[in-house]
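Letter by letter, the chains look like this.
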Amino acid sequence: MLKIGLLLFIIPVLFTSCQMCSDSGPDSEFEIPDSVMYAETLEVSEEVMEGIISNVSSVIETSSFIRDLDVPYSNSYLATTANLDNYNTNFRRALMLGIYAADLGYLNMYNRTTEVLDYLTSIRRLSGGLNVDQFFNFSTLRRLANSQDNLDSLMFISMQSFNRMDNYLREEQRAHLSAAMVAGVWLEGLYLLTQVAQKSSSDELFDRIAEQKIILDELVIIFKNYGNVHPEFDELYEELAEIKQIFDEVSITYEHGEPEAVEKDGKLMIIQKERSIVNITEEQVNDLTETTEKIRNKLIL
Amino acid sequence: MRHILILLITILASTAHSQTTDELVEICVDGLDDATYLKDFQVEHDAAQPGQEAPVARYSMVLKKDTQYRLSICTSESTSEKGIIQLYDKKGLVGTNYIEESDTFYEFFDIQIQSTGVYHIFISFKDGVSGAAVGVLSLVE
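Protein chains in written order, with my numbering: chain A, 1 to 301; chain B, 1 to 141.
There's no promise every hint is true.
[As the list claims (entries may be wrong)] In silico DSS-like pairs for lysine-lysine, Cα to Cα no more than 25 Å straight-line: (1) A:LYS267 to B:LYS82; (2) B:LYS126 to B:LYS91; (3) A:LYS298 to B:LYS126; (4) A:LYS264 to A:LYS298; (5) B:LYS126 to B:LYS90; (6) B:LYS126 to A:LYS224; (7) B:LYS90 to A:LYS244; (8) B:LYS91 to A:LYS273; (9) A:LYS294 to B:LYS91; (10) B:LYS90 to A:LYS273.
These aren't lab readings, by the way, just hints derived from the structure by calculation.
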């Protein structure tokens with residue numbers, strides 16, 4: 001009796017486990033796991049890299065910032081979903097997942113539920129190609145996208161799914177794919193900001209663009225290191241070096257100060273007194289717009 | 001048979017743990033009010049050994065200028081002390097939900113970031129007790 005009970009338990013567990021390792025990508029059937037292929041040592045430890053790249057959630061911050069500028073929605077900013085078949089390496093899939101994550105955040109902020117469905121379908125295919133689609137409950141996401149009342153839930157579940165996938169990739173020693181995804185998020189975020197700046201410029205927007213210099217400085221360290229074992233990162237590094245060259249002329253200074261804590265109505269609020277002050281010209285923003293557009297459009301082909 | 005039983009117990013134990021932390025994420029997210037979820041940090045610590053520092057989980061994030069963030073923490077009911085969530089920059093502590101002088105815990109703290117950069121989120125338990133907690137980073141609209 002106990003044996004039968006155990007079998008009844010083991011079969012569904014094994015079935016679930018097999019779902020986790022199923023191949024959903026068209027050309028991933030006989031791929032060697034990345035963790036096996038690239039078992040060489042990186043110059044910077046995985047731990048340090050993991051810390052730096054844990055930033056997929058910035059899609060919400062960038063989209064929320066753009067929406068608050070009262071800039072009208074434009075679908076011309078979004079990456080096409082028509083070239084999915086071209087993204088046939090894990091690196092490209094991960095990079096495009098990041099780009100689509102940024103676009104999904106933008107669509108969510110503007111309540112564009114019809115377009116959200118198209119992007120969710122593309123995200124499903126790409127994540128399937130990376131064998132990480134188990135973190136997305138696509139039927140729930142579709143149901144939420146079809147209901148205007150559940151936009152907060154849609155945003156929460158889609159962000160949580162991306163975060164879980166990101167954590168899983170790093171735990172499974174596929175952190176380079178997580179880094180590629182973050183690169184996509186960052187590049188599309190910069191693309192959106194610079195495109196918006198061409199239609200509606202403001203000091204606030206210029207500041208936000210200039211601050212991308214700080215993040216890019218962190219990212220290039222990662223890409224340079226991964227380039228030692230993953231040649232695709234070298235190519236991306238070369239592309240981003242062109243953007244970095246423009247950012248190198250942008251100055252950022254700091255005013256120092258100690259943080260202050262204030263309690264109001266039982267809630268604790270911290271006010272940071274250190275300030276970063278950026279200095280960027282319109283010409284530099286135009287250069288960044290042109291260069292970012294060129295690189296991003298090449299990557300999404 | 002004994003090995004299978006041990007395997008099953010291990011699977012069941014890990015499933016039970018994951019449900020608990022998932023529930024904690026939901027509790028924390030439900031309490032966000034006007035804030036938008038960005039990321040959660042699920043933590044489980046063993047008790048600190050006598051004479052040793054309390055175990056700390058560390059995460060790095062890029063936070064952006066002119067943005068208000070909320071750092072919340074939800075501790076599992078089975079943990080004897082509350083969780084502590086702290087934010088550091090490269091120079092030191094910027095914010096915390098625990099004020100040591102008055103031994104006061106807050107469920108969350110808000111912070112208005114004025115300097116874009118890499119920040120570090122630390123999660124630990126008072127007195128280094130063992131336990132589970134979830135930290136949530138969110139964006140205050």
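Here is what the structure says about each hint:
Straight-line distance between C-alpha atoms of LYS267 (chain A) and LYS82 (chain B) comes to about 17 Å, which keeps the hinted pair within the 25 Å bound. Distance hint between LYS126 (chain B) and LYS91 (chain B) is fulfilled; the C-alpha atoms sit about 23 Å from each other, no more than 25 Å. Proximity of LYS298 (chain A) to LYS126 (chain B) is assessed by CA-CA distance (about 51 Å); at most 25 Å being required, the pair is judged violated. Simply put, LYS264 (chain A) and LYS298 (chain A) have alpha-carbon atoms about 50 Å apart, too far for the 25 Å limit, and the pair is violated.
The suggested pairing of LYS126 (chain B) with LYS90 (chain B) holds, with an alpha-carbon distance near 23 Å, which does not exceed 25 Å. Taking the CA atoms of LYS126 (chain B) and LYS224 (chain A), the gap is about 40 Å. The hint is violated against a cut of 25 Å. For the proposed pair LYS90 (chain B) and LYS244 (chain A), the alpha carbon gap of about 23 Å is at most 25 Å, so the pair holds. With a C-alpha separation of about 13 Å, the suggested pairing of LYS91 (chain B) with LYS273 (chain A) holds against the 25 Å cut-off.
For the hint pairing LYS294 (chain A) with LYS91 (chain B), the CA-to-CA distance comes to about 38 Å; that exceeds 25 Å, so the pair is violated. Note on LYS90 (chain B) and LYS273 (chain A): the hinted pairing holds, with a Cα-Cα distance of about 14 Å set against a maximum of 25 Å.
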